[in-house]
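Chemist: Going by this note's numbering, the letters in the first sequence line up with residues 200 to 757, in that order.
Derived from the structure by calculation, the hints contain no laboratory data. Every residue gets a Cβ at the ideal spot worked out from N, C-alpha and C, and that includes glycine. Among the clues, some could well be false.
[Unchecked claim] With a Cα cut of at most 30 Å, we get these calculated DSSO-like pairs of lysine-lysine:
| id | residue 1 | residue 2 |
| --- | --- | --- |
| 1 | Lys578 | Lys540 |
| 2 | Lys678 | Lys710 |
| 3 | Lys614 | Lys552 |
| 4 | Lys651 | Lys710 |
| 5 | Lys660 | Lys614 |
| 6 | Lys395 | Lys325 |
[Stated by the list, open to error] Each pair of labels, with its calculated beta carbon distance range:
| id | residue 1 | residue 2 | range |
| --- | --- | --- | --- |
| 7 | Glu384 | Pro267 | 24 to 30 Å |
| 8 | Lys325 | Lys617 | 29 to 35 Å |
| 9 | Arg571 | Ser496 | 23 to 29 Å |
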Amino acid sequence: MANDDERLERLQGMLRQRGILLPAFDLYGGAKGFYDFGPVGGRLRSRLNQVWIDHWLSLGNIVEISCPTVTPYEVLEASGHVGEFSDFMTVCGQCDEASRADTLLEAHHPNPDALSQSELQSLLTKVNPDCPSCPTPEWSPVVAQNLMFSTTIGAGSSGRPGFMRPETAQGMFTSFPALYRHFRERLPFGAIQVGKGYRNEISPRQGMIRLREFNMAELEYFIDPNERPNHDFSSWSSHEICLIDGDGVSHSMTLQHAAESGLIRHPTVGFFMGKTFDFLSSVGIDGTRVRFRQHASDEMAHYASDCWDVEIHGSYGWIECVGIAHRGCYDLEAHETATGKSLRARREFSEPKIREIDGWTIDGGVAGPAFRADAGQVKTIVESFDADVEFPVEVTLSDGRNLAVAAEHVKRVQKTVKETGEWFIPHVVEPAFGIDRILWHVLDHAFEETEKGGEPYRMLKLADSVAPIDVAILPLFEKDGMDDLALELHQLCCSTSGLVSLYDGSGSIGKRYARSDEIGVPICITVDHQSVEDRTVTIRKRDDGSQTRMSMDQLPFL
RNA sequence: GCGAGCGUAGUGUAGUGGUUAUCACCGGGCGUUGCCAACGCCUGAACCCGGGUUCGAGUCCCGGCGCUCGCACCA
200 MANDDERLER
210 LQGMLRQRGI
220 LLPAFDLYGG
230 AKGFYDFGPV
240 GGRLRSRLNQ
250 VWIDHWLSLG
260 NIVEISCPTV
270 TPYEVLEASG
280 HVGEFSDFMT
290 VCGQCDEASR
300 ADTLLEAHHP
310 NPDALSQSEL
320 QSLLTKVNPD
330 CPSCPTPEWS
340 PVVAQNLMFS
350 TTIGAGSSGR
360 PGFMRPETAQ
370 GMFTSFPALY
380 RHFRERLPFG
390 AIQVGKGYRN
400 EISPRQGMIR
410 LREFNMAELE
420 YFIDPNERPN
430 HDFSSWSSHE
440 ICLIDGDGVS
450 HSMTLQHAAE
460 SGLIRHPTVG
470 FFMGKTFDFL
480 SSVGIDGTRV
490 RFRQHASDEM
500 AHYASDCWDV
510 EIHGSYGWIE
520 CVGIAHRGCY
530 DLEAHETATG
540 KSLRARREFS
550 EPKIREIDGW
560 TIDGGVAGPA
570 FRADAGQVKT
580 IVESFDADVE
590 FPVEVTLSDG
600 RNLAVAAEHV
610 KRVQKTVKET
620 GEWFIPHVVE
630 PAFGIDRILW
640 HVLDHAFEET
650 EKGGEPYRML
660 KLADSVAPID
670 VAILPLFEKD
680 GMDDLALELH
690 QLCCSTSGLV
700 SLYDGSGSIG
710 KRYARSDEIG
720 VPICITVDHQ
730 SVEDRTVTIR
740 KRDDGSQTRM
750 SMDQLPFL
């Protein structure tokens, strides 16, 4: 274990020195839970994001969106984050003592912890509980204080409370109507979003593993719960993976078997587990150090009905880096309830349903003036009657009063209703990726320590797909035209779309190879005297140190 | 948030209250007909911040900030 810790320290030192990951605001003494991606790390992060985006877009029914990080209070109240992540505070205006509102009201309610902000506010106003530090309490309005960074949208009294988003998901849910329309009202479809999330951690630890501002990438995939999806599991058919179920029992089986046996409760969850494994492999994560762990029922988030964490093993042990959750209809339903707007999809019946209606309703022209304010209630009651009821009938209202409904107040309803389909709330399967945690493990798994000439030698064997620099251009010496030729090649590479080149003319050639290896450059190109004569250059590969000579005008990546 | 330990160049470190803060790698420049951290010369770079004790503080004391670990918390 001590060896592991020392390796971790050497890796972190190298990442700082090479401008990959650095503590943020170091100039001012640092800030816990915040990291900078440096001149090399910045590119690494955006490459990783791009690979992730391309991976999901390749499914064909996914779109990328981008929503604000600043989110109005009501949105996160509806989603459950305010309740799940908040303590409600109030301040005594007489003595400045801050108290938790639910604690103050413990004597006046059986479970104040479960009350919403407005319920707490009205109870606080009604009870006006004693202040623990002064005799004349004067409680301020109740405010939410929780793990979300709170802010104010707008200034002064017109300001509106809000939060920095704790996940990107809510933006996808609030965009559901636009997504539904974009996809021509046909499920299934998904939306992805890559961006920052915020969480005011009490105690950030373990470097990139627990941050206060972090990069996340989420897919919200909307499905019809009545349709059994038919996913193709064949590409993983020969691959048994490590699955730990909700009781902590470990299984080794194929994804298809796990989905068919019911261990994975929904095939789409299983399919995304496979796609997630593919993604991790494509960015250089060691597949033998990946496992899937199912949440126990008491561990599940407030919105989820099944959840699998993808855990990656590295310097900090097994760390959850991806969560694949079946969120059911929780979120869309919550936003429907909060706004009164429809967030539903339509499902056509294979055969229209014919319904015969034979009953009663009120005759508005007579019943309205007769019953006035009670007419609505009378209508509901009358419409529940069978066709063979005989009027007059005495009905009982909700407040206990009785009214006589006569034949003149009602009329017979006889019609045939044809229903061709129905509206339902789609279910959501959500793979949520902690990009920083994945990026950390990409670095951890790529970090290779060897010896060269008796000296320790370090390199990052990064996958080409995420390597921050594609090619380093090295003039053997910066003279005799070698520097000019190298700069020409460097310029050509830099102006080639998608290609990132690094020019390095400082120090010995061996030192420059070593520095390139430390930031994971897959290919170095050396310009020497012969290059000036015949425009051939040496291609040196990071992983095996092999060198081949070819014309600089025929480089495969240009 | 509580407790313990720690904080010195880009990195890793030495430093018993006393002159100009040690060493190595590192970074930069020049040279080197030369391809895997080579060599020579020159050069750059640090005591986390703020108070206090003291003639004098990197060193001792207090507070803050940060880091590591344990507990607590954790979608």
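Chemist: Now, for every hint given, state plainly whether the structure supports it.
Modeler: Tested hints:
1. Lys578 x Lys540: Distance of about 26 Å is within 30 Å: holds.
2. Lys678 x Lys710: holds, 18 Å
3. Lys614 x Lys552: holds, 14 Å
4. Lys651 x Lys710: holds, 12 Å
5. Lys660 x Lys614: violated, 73 Å
6. Lys395 x Lys325: Cα-Cα ~41 Å, so violated.
7. Glu384 x Pro267: 24 to 30 Å: holds, 26 Å
8. Lys325 x Lys617: 29 to 35 Å: violated, 52 Å
9. Arg571 x Ser496: 23 to 29 Å: violated, 52 Å
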